[in-house]
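**Q** What follows is the residue order along each chain.
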Amino acid sequence: MRYIAIVGASLAGYRAAQTLRREGFDGTITLIGDERRRPYDRPPLSKKVLAGEAEPESIVLERSGDDLGIEWRLDERAVSFDASGLALSLERGGELEADGVILACGARPRPLPGTDGILGVHLLRTLDDSLALREALTTGVGPRRLVVVGAGFIGAEVAATARGLGCEVTVVEALDRPLARVLPPVLGQVCADVHTDQGVDLRLGAGVDGFDTDDGSISAVRLSDGSSVEADLVAVGIGVVPNTEWLDGSGLTIDNGVVCDETTLAAPGVVAAGDVARWPNRRFGESMRVEHWDNAVSMGQHAARRLLAGDGGVDLVYEPVPYFWSDQYDRKIQLVGRVGPDDQVQVIDGSIADRRFVALIGRDGQLVGAFGMNRPPAVQRWRTRLEEGMSWDDALALASEGS
Amino acid sequence: MMANVTSVPTQETVMAKIAVNFDLCESNAVCMQVAPKYFEVRDDDFLYILQEEIDEADAATVQEAVDRCPKQAISIEP
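Chains as they are written, first to last, in the numbering used here: chain Y, 1 to 403; chain R, 1 to 78.
So here's chain Y without its partners, still in its complex pose:
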């Protein structure tokens, strides 16, 4: 293998490139990215960059000494792919024929229907998005009135940062609790409470019905309960869509992501990683697509090794315990494992009332996750136990010993 093309110049793609070099690959690596910037870290975009506490330069992924010898194709987009010939067509740069392809082309935010052309409605994915939202949150006369649509983690972080900047914040969530499809109710509730504690007006079970504008700019958001919230700005965080349209006709299987096997292989010579990749995680017996930072890192690394291993890589099963963190106000939320709303929950350390606790999450007699608020070391210890596998009873017994 002499020539590897990586589609997607963000975290998963960059970590894949780095891994190829560490594993001794000395052929050509072409890294194709649709932004004009070199790879950067996205979590700060809803936190420190948005707050103005971190400069854009501080979030670049390349470190001094990272001399990967990459052939960069930035501000460039892959528009079609033939998996059988490993041939990519680029929007500006013609055709590429590689010996191996890593698909790390990510996902994009889902737009809020009916907001086309309305000024003051923001999505958040890129550094430019973050800088534009920051500008909007910090200019104008008096505190800005922000309506956040969607109480998922992105929306929650934007709400927290905006409160820190002195904005009046309303969060609108169509479901009855934040993260209701992901978290058991008691944990979704505490995620709601950290916002109401901080003076956020949280409207649960409220869909968006429409918008009022003033001279083309947003002036109010109308809700399904008949109420209306005045707004200078709207930030939308209602999920993401994997970037797979360009792969139509590629020969790959696409089903809410690029479908891979247990090893991250999507076709001979083709692997996928990060937000765009769906694969069966043997550890949980479940097909998953994980949109978290940690998965972009570890799957990018894994996919690079899998690609280099060729036919010898069939045993390189990718079966991580997903890990996620979110920083909101002075709370650090961490979740390890794969959990659902109907799972059992047991607080084993601290208390929900203090907003400092660890809760174990179980299903069918097995430990499947741990959720923590301001208890990072404890959550990480449970991650190790999740990797090793543990029954629910053993987990509770261990917890009662205080470890």
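To be clear, the hints were calculated from the coordinates, so they are not data collected in a lab.
Glycine included, each C-beta is placed from N, C-alpha and C at the ideal position.
Mixed in with the good hints, there may be bad ones.
Result set (DMTMM-like, lysine to aspartate or glutamate): computed pairs, CA atoms no more than 25 Å apart in a straight line [stated by the list, open to error]:
hint : chain 1 : residue 1 : chain 2 : residue 2
1    : R       : K71       : Y       : E168
2    : Y       : K48       : Y       : E35
3    : Y       : K47       : Y       : E35
4    : R       : K71       : Y       : E57
Now the in silico label distances, taken between C-beta atoms and shown as ranges [unchecked claim]:
hint : chain 1 : residue 1 : chain 2 : residue 2 : range
5    : Y       : E135      : R       : P36       : 42 to 50 Å
6    : R       : K17       : Y       : D261      : 35 to 43 Å
7    : R       : E26       : Y       : P143      : 21 to 29 Å
8    : R       : D43       : Y       : D212      : 48 to 56 Å
9    : R       : D43       : Y       : G94       : 53 to 61 Å
Computed list of chain Y residues with no C-beta within reach of chain R, every gap over 12 Å [what the hints assert, rightly or not]:
hint : residue
10   : D41
11   : I118
12   : G152
13   : D176
14   : I254
15   : P268
16   : G269
17   : Q344
18   : A353
19   : A399
Chain Y is already provided as a structure; the job is to place chain R on it using the hints.
**A** The following block gives chain R in isolation, referenced to the frame of chain Y:
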């Protein structure tokens, strides 16, 4: 990267070292989970480096801790 380490045996082999930027560290404790021999976040929520010099056999594990740090606060000094 280990490729730069000289293969000539010397009495005092210069070992790669862990460096943490404590202005960036937020004690997420991921490093502790990946490489518990080197990192520990205690219940005071501070990170302690248990061993600064990286044993050659652990190079990949410590690199993993560097790569997985959510705050990009860890580096390896040659």
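**Q** Taking the beta carbons of E26/R and P143/Y, is their distance inside 21 to 29 Å?
**A** holds, 28 Å
**Q** Indicate whether the distance between the beta carbons of E135/Y and P36/R respects the range 42 to 50 Å.
**A** Once the Cβ atoms are compared, 43 Å apart, the range 42 to 50 Å for P36/R and E135/Y holds.
**Q** Verify the CB-CB distance for D43/R and G94/Y against the hinted window 53 to 61 Å.
**A** holds, 58 Å
**Q** Can the restraint linking K71/R and E57/Y be considered satisfied, given a maximum Cα separation of 25 Å?
**A** Satisfied, since the Cα-Cα distance of roughly 14 Å is no more than 25 Å.
**Q** Non-interface claim for Q344/Y: all C-beta distances to chain R beyond 12 Å?
**A** holds, 24 Å
**Q** Is it true that the C-beta distance of D43/R to D212/Y lies inside 48 to 56 Å, as the hint says?
**A** holds, 51 Å
**Q** Next pair to validate is K48/Y with E35/Y; report whether the Cα-Cα distance is within 25 Å.
**A** holds, 21 Å
**Q** Quick check for students: does the CB of P268/Y sit more than 12 Å from each CB in chain R?
**A** Fine: 28 Å to the nearest Cβ keeps P268/Y off the interface.
**Q** Checking a non-interface call: every C-beta of chain R should be farther than 12 Å from the C-beta of G269/Y. Is that right?
**A** With a cut-off of 12 Å, G269/Y remains clear of chain R, as the shortest Cβ separation is near 25 Å.
**Q** Once the closest CB in chain R is found, is it more than 12 Å from G152/Y?
**A** At roughly 18 Å from the nearest Cβ of chain R, G152/Y sits farther out than 12 Å, so the non-interface label holds.
**Q** Checking the smallest CB distance to chain R, is A399/Y really beyond 12 Å?
**A** holds, 15 Å
**Q** Verify the CB-CB distance for K17/R and D261/Y against the hinted window 35 to 43 Å.
**A** holds, 40 Å
This entry does not satisfy hints 1, 10, going by the numbered hints stated previously.
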